[in-house]
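Participant: Sequence:
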Amino acid sequence: MYRTKTCGELRQANVGEVVTLAGWVQRTRKMGGMTFVNLRDRYGITQIVFNNEVNAPLCEAANHLGREFVVQITGKVEERSSKNANIPTGDIEIIAQELNVLNESATPPFTIEDNTDGGDDLRMKYRYLDLRRNAVRKNLELRHRMTILIRNFLDSRDFIEVETPILIGSTPEGARDFVVPSRMNPGQFYALPQSPQTLKQLLMVAGFDRYFQIAKCFRDEDLRADRQPEFTQIDCEMSYVDQEDVIEVFEGMARHLFKEVRGVDLPEKLQQMTWHDAMRLYGSDKPDLRFGMTFVELKDTFAGKADFAVFNEAAYIGGICVPGCADYSRKQLDELTNFVKRPQVGAKGLVYIKYNADGTIKSSIDKFYTPEQLLEVKEAMGAKDGDLVLILSGDNANKTRVQLCSLRLEMGERLGLRDKDKFECLWIVDFPLFEWSEEEQRLMSTHHPFTKPNPEDIPLLDTDPAKVRAMAYDFVCNGIEVGGGSLRIHDGKLQAKMFEVLGFTPEKAMAQFGFLINAFKYGAPPHAGLAFGLDRFVSIMAGLDSIRDCIAFPKNNSGRDVMLDAPSAIDQAQLDELLLDLRTPEA
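In our numbering, the protein residues as written are 1 to 587.
These are computed hints drawn from the structure, not numbers from a lab.
Simulated restraints, written as ranges between beta carbons of each label pair:
{"hint": "1", "residue 1": "Q441", "residue 2": "A309", "range": "30 to 36 Å"}
{"hint": "2", "residue 1": "Y2", "residue 2": "Y240", "range": "53 to 59 Å"}
{"hint": "3", "residue 1": "Q344", "residue 2": "D571", "range": "37 to 43 Å"}
{"hint": "4", "residue 1": "P585", "residue 2": "G66", "range": "42 to 48 Å"}
{"hint": "5", "residue 1": "K305", "residue 2": "Q272", "range": "35 to 41 Å"}
{"hint": "6", "residue 1": "N103", "residue 2": "N398", "range": "55 to 61 Å"}
{"hint": "7", "residue 1": "I517", "residue 2": "D222", "range": "30 to 36 Å"}
{"hint": "8", "residue 1": "A466", "residue 2": "L575", "range": "44 to 50 Å"}
{"hint": "9", "residue 1": "I166", "residue 2": "D571", "range": "21 to 27 Å"}
{"hint": "10", "residue 1": "H144", "residue 2": "N398", "range": "36 to 42 Å"}
Values in this document were obtained by computation on a predicted structure and should not be read as measured data.
We put the CB at the ideal spot given by N, CA and C, even for glycine.
Model the full structure from these sequences, guided by the hints.
Facilitator: Shown next as structure tokens:
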């Protein structure tokens, strides 16, 4: 064996033992006739001491060690005279007796420390070095622990883990597929699964009444901090259950994870909020409840009471009350105005009202509205002296609410209210079954075409499908959609009606989903499911800003793996074998 102990396990109880360690040289330093080497492995750091007076050749060899050399060291454990409380092994050190260089290292392109000097692109190019850093490694250790907890929890509740294929057929009504050409079936393509949705429903038809899988999924979407082209779901499905049954099981799983991983006790019963209320109060179907500033609609308060066309012509006027910020300077208010005018937000402007601590009022619209009218706004907003009210308006209510949501989150960030060590979880329910696609100019499934409509709304499928509610639910934590699911349609006639509303002819529906439609002819049980985003769940637990930091080998914002230089061109011989011709992209 190359080592008898790891670099993270020695303590004072080991004093006097002769041990062998192996690992990477973190750093070296010389002090008089002594050379100190910090030796690192996955488990920690141990200080090694080389004494020139005791063994000059050995000390001289240690002086030639460079960062990230792989070495094996044998020595005696002694108590340190100057202890280091910052590391678990800080009470001891190893007095070196033997040194064996297992492999030398070139100078690393960045320092392999928690506070590194490497930028994102450089660290991603040398991700195998970045993963040596404790700050990165602990995220993957947390991910491992969570997957073990999840598997054990679901196993204890009679779920069975089943692997589903990665090469499947392409289906519409979702994000863009990644496609894979088939050499054995020329001119035809597989798709990589956006989720195992239809396959897990088939498992319910097959009688596997409780299924789960830690499943790889793929979506060809534009990337952001919480989205990667390939990601991992905790994918689950259950038979003979209703919505509350599903919520109870997976609320229990979330409660178990928060307790075991973070020592946090979630409430015995999480809040359930309708999609309509979430949009009305927060402008988001994934509201961050760690702080207040809920929306107040002000159209009745403002419209028609002054010669201010911006409000008089608006379809929606909404405001948030920011406690204690009436002392904001003109510069700070200008910054907020510029923030809401950014293309990512898209508002035309911002109205503010400062209810000063001394009882005076200062507003960007005080030349249009009297002090008495602005006091009415104060009452409507529930504002107090010292508070700042921020108002947006627009001709599209939901669009303006989304803009106001961005402003609310920005204020929460500025005021330090989005504490990563505080967790507020809830369920969003009663989603609309359909949403209008401007690109397609038709109704699309909000989730997918197998989502069950609320039984009360089924008659609306013929008269006003846009008002039909879905039997769907999302699990939200700290403003992040961690998971979601729905009850599924298991009745063939209702599924055919769904396809009809979505614009599918019976022939097209059969061509795309014939395998599922046919399966339902053989006795499909009532079933429902849910999928949590494992990457997002881990990032929340770890307090990360991006899911990239809890994925071993992530892609960058352009969907590239800069370490493997992928995607890349392939040989002409491969293209010929697949009968593919490439077209040069237009500039």
